[in-house]
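Residue numbers (my numbering), protein chains in the order written: chain A, 11 to 227; chain B, 208 to 511.
Among the hints, erroneous ones may be present.
Below, a list of computed lysine-lysine pairs in the PhoX-like style, where the Cα atoms sit at most 20 Å apart [claimed, not checked]:
1. A:K226 - A:K213
2. B:K410 - A:K103
3. A:K55 - B:K410
4. A:K98 - B:K410
5. A:K81 - B:K422
6. B:K422 - A:K59
7. B:K417 - A:K77
8. B:K422 - A:K77
9. A:K55 - B:K417
10. B:K417 - A:K103
11. A:K98 - B:K422
Taking beta-carbon pairs under 8 Å as the criterion, some of the chain B residues facing chain A (in silico) [said to hold, decoys possible]:
12. F210
13. R221
14. L416
15. L418
16. I419
17. G420
It should be emphasised that the hints constitute simulated quantities derived from the structure, not laboratory data.
Just so you know, these numbers come straight off a predicted model, no measurement behind them.
In this text, a Cβ means the ideal position worked out from N, Cα and C, and glycines have one as well.
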Amino acid sequence: MIRFKNITKTFGSVVALKDISFEIEKGEFVFITGPSGSGKTTILKLILKEILPDSGKISFGTQDIEKISDKELPLYRRKIGCVFQDFKVLPEKTVRENIQIALAAIGVPEDKWEKRIDEVLKASGIEKRADFFPSQLSGGELQRVSFARALAVKPELILADEPTGNLDWDTAEEMMDLFEKISKEGITVIMATHNSWIIDKMKKREIRLKEGKVVKG
Amino acid sequence: MNFHLKTALSSLRRSPFQALAAIFVLTITFFVGTAFSVLIYSSSQVLSYFETRPQVIAFLKDGSGVEAIVSLQHKLSADIRIKDVRYVSKEEALSIYKDATSDNPLLSELVSPSIFPASLEFSLSNLSFAQDVIKEMKSEDLVESVGFTASLGGEKTLQDVVSRLRKVTYYIRLGGGIFAGVLLGTSFTVLMIIISMRMIGRKDEVEILKLIGAKSGFIRSPIIIEAVMYSLMGVFIGWLLTLILVLYLAPWIISYFGQIPVLPKEPSAFFALFGIILSAEILMGVLLALGGSNLALTRARRKK
Chain A
11 MIRFKNITKT FGSVVALKDI SFEIEKGEFV FITGPSGSGK TTILKLILKE ILPDSGKISF
71 GTQDIEKISD KELPLYRRKI GCVFQDFKVL PEKTVRENIQ IALAAIGVPE DKWEKRIDEV
131 LKASGIEKRA DFFPSQLSGG ELQRVSFARA LAVKPELILA DEPTGNLDWD TAEEMMDLFE
191 KISKEGITVI MATHNSWIID KMKKREIRLK EGKVVKG
Chain B
208 MNFHLKTALS SLRRSPFQAL AAIFVLTITF FVGTAFSVLI YSSSQVLSYF ETRPQVIAFL
268 KDGSGVEAIV SLQHKLSADI RIKDVRYVSK EEALSIYKDA TSDNPLLSEL VSPSIFPASL
328 EFSLSNLSFA QDVIKEMKSE DLVESVGFTA SLGGEKTLQD VVSRLRKVTY YIRLGGGIFA
388 GVLLGTSFTV LMIIISMRMI GRKDEVEILK LIGAKSGFIR SPIIIEAVMY SLMGVFIGWL
448 LTLILVLYLA PWIISYFGQI PVLPKEPSAF FALFGIILSA EILMGVLLAL GGSNLALTRA
508 RRKK
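Excised from the complex, chain B in its bound form:
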């Protein structure tokens, strides 16, 4: 085993409570960090879901020719503001109506396909295009009228829902960022204090090492390795705790949100998400440890 790693491990064993304090604080930081990362991902997914669901329905005039309809469909598909264009025939419209009124069969018995207009449904890549697109659709000869999906949770339009979700997402990101920042700052300070205490504890050793010709890198290495070890342990435990918690809550989360993909459905995508979070946190943990230990070492050197 590497000499510095051995020295760092023996230092960790010698003062287990300092080590535990550092690991505990870092674990909390990265537990919260991972949880917020998942929350930010989920809120983005919810936002994206509402932003991209079918939003505009262009009801077509009776007697519109197939060629004209296909031509309009192609035109819409080529528009970068528009996604997922779908033609809904009169029969399909009746079927949708029947599904929607399945609890009252009498209502569906009274209607025939002829009363439902065929339509072209599509969603928008960004809701800010809604007004322009609806205006353009209304000017099309084939189009009788244009509907914009609305009403969810009492809001007047889908745009209201999305704008509310955007606000929520923004506050989650902001709040999460501030909270994670405060925790990172706390971890940095705790790490620095513990490394400073280690330096005080190793004062004699450092003095001897300097006298026998040890380079500053040799003296600093075990301290930096120790800080990196604390950080990596904190990252891994914090991340693992969040992973276990999310896995435990996943069935409930999925059933509660239904079709909204708040978590990746595929196991590979789910673990890829956590893998990306872990990688980012390892990088952050190493930077935190290097920053904290170097600052502590520089302060110790200045005090001499």
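The shape of chain A in the complex, shown without the other chains:
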């Protein structure tokens, strides 16, 4: 599903990724691990086409990411759900509205919103917080909102950047259960993390980076 072939990315004189190649199959659950600055987030940004590689080729299915035009980019990104360490929920909107905006953005008809919102809130375990504002929620609940929003757009792939970074162990474990569950439903999950406890517990494929190179995976 995702194929990185000889990817190099530099930021000025800093080499973030150095000639890396890997493939991720559809429905796979993959951890991208490594210390800070090893290039984990760069990989996620490359998949989202937030940045472009200096050399090499990235494919999503049969699509060459570099060839996606600015006009086609929103349509491409609709295949991807994102979960962030800092949640990135809109603070002035309720949980329900945060998901509504995602559905509106991808053009889901308004009459289908409520059903979909109820489904993802239930799947994320925050159905009782639907009308709460982010300031009224805990870190774990905020991460569930972020997860529910990512799920709402029915993505083929979920990118999670340190989703447990701001959570305590118990909450992190609950979040991982949610990721595991959607992975079993056939959604590909790529998670950047340096939480070795989670990697050990989940026993999934790991692409380990060190100084911009793949050292395992």
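Given chain A's structure and the hints, the job is docking chain B onto it.
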């Protein structure tokens, strides 16, 4: 309610002072714009009134035959330079004289219709034809002499009055245009600054929306709708304030200017005038909002 409209309204509620600043500036612009539009209309009406009032009186020779007079009247009526041709008989001339001297009955007692000549009065479609028309009238066999109405406010001829009015009208249009232009420019800048501030405030939201696959139209729509809302509110409040002011002053304006129709007399015509102004201002307001918001959005995108 439309999703973008809801987002725009919630943004307006979130930063009410920015919204008020934008609406206030736009209100002043369109208040002045409406007032100047009415002023331009009124000055044009005053000019037109003086340009079209009876200006030339051809005094007819005593003993002119009815057929000859009617023939001359028809000839004048067919001339495109000439309007509102009217025959004034000796009796009517006496009656006009009596009216004019009603404060001194002795003067009217001393005269009889026979001393007043019959005349043909008419106005000109444009005062520039005056010289030629008067010359032609003087050459007519029936015509004894030709009078040209004059003296108003000390000017030597009506042409002086009209030329002075033309100047005044020109300066009203020019001054009004420049003033309205400056205000429109200010409104445009204020609108652009406020939209730019909105963009900065929505930076995180825009980033999230882009990541979840929102098209640029989806991201821009609430911003543009918000700008259009400010503009329309400014247009409507500014227009309404002028309407109320003109309605309040209308009795005084009408009595001061007397016969000169500075404002439409019929309510339907009056409201039609304001309706036309409102329509033009709505169009201008929407263009202003679209221009300002698009420029702000383009600048925000370039800065990225």
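Now for the hints, and whether the structure bears them out:
Between the alpha carbons of K226 (chain A) and K213 (chain A) the distance comes to roughly 14 Å, so the proposed pair stays at or under 20 Å and holds. At roughly 15 Å between alpha-carbon atoms, K410 (chain B) and K103 (chain A) fall within 20 Å of each other, so this suggested pair holds. For a cut-off of 20 Å, the pair hint linking K55 (chain A) to K410 (chain B) stands: about 18 Å separates their Cα positions. Using a Cα cut-off of 20 Å, the hinted pair K98 (chain A) and K410 (chain B) holds, with the two alpha carbons roughly 12 Å apart.
Note on K81 (chain A) and K422 (chain B): the hinted pairing holds, with a Cα-Cα distance of about 8 Å set against a maximum of 20 Å. Straight-line distance between C-alpha atoms of K422 (chain B) and K59 (chain A) comes to about 15 Å, which keeps the hinted pair within the 20 Å bound. With a C-alpha separation of about 18 Å, the suggested pairing of K417 (chain B) with K77 (chain A) holds against the 20 Å cut-off. Proximity of K422 (chain B) to K77 (chain A) is assessed by CA-CA distance (about 18 Å); at most 20 Å being required, the pair is judged to hold.
Restraint check: the Cα-Cα separation between K55 (chain A) and K417 (chain B) comes to about 13 Å, which is no more than 20 Å; the hinted pair holds. Taken as a hint, the K417 (chain B) and K103 (chain A) pair is honoured in the structure, with Cα atoms around 17 Å apart against an allowance of 20 Å. Taking the CA atoms of K98 (chain A) and K422 (chain B), the gap is about 19 Å. The hint holds against a cut of 20 Å. At its closest, the beta carbon of F210 (chain B) sits 5 Å from a beta carbon of chain A; the interface hint therefore holds under the 8 Å criterion.
Taken as an interface hint, R221 (chain B) checks out: its beta carbon lies about 7 Å from the nearest beta carbon of chain A, inside 8 Å. Taking 8 Å as the C-beta cut-off, the interface hint given for L416 (chain B) holds, the closest approach to chain A being about 6 Å. Contact between L418 (chain B) and chain A, as hinted, is supported at the beta carbon level, the nearest pair being about 5 Å apart and thus within 8 Å. Here the hint on I419 (chain B) is kept, as its CB sits about 5 Å from the closest CB of chain A, short of 8 Å.
Hint status for G420 (chain B): holds, given a least beta-carbon distance of 4 Å to chain A, under 8 Å.
The structure meets every hint from the earlier list without exception.
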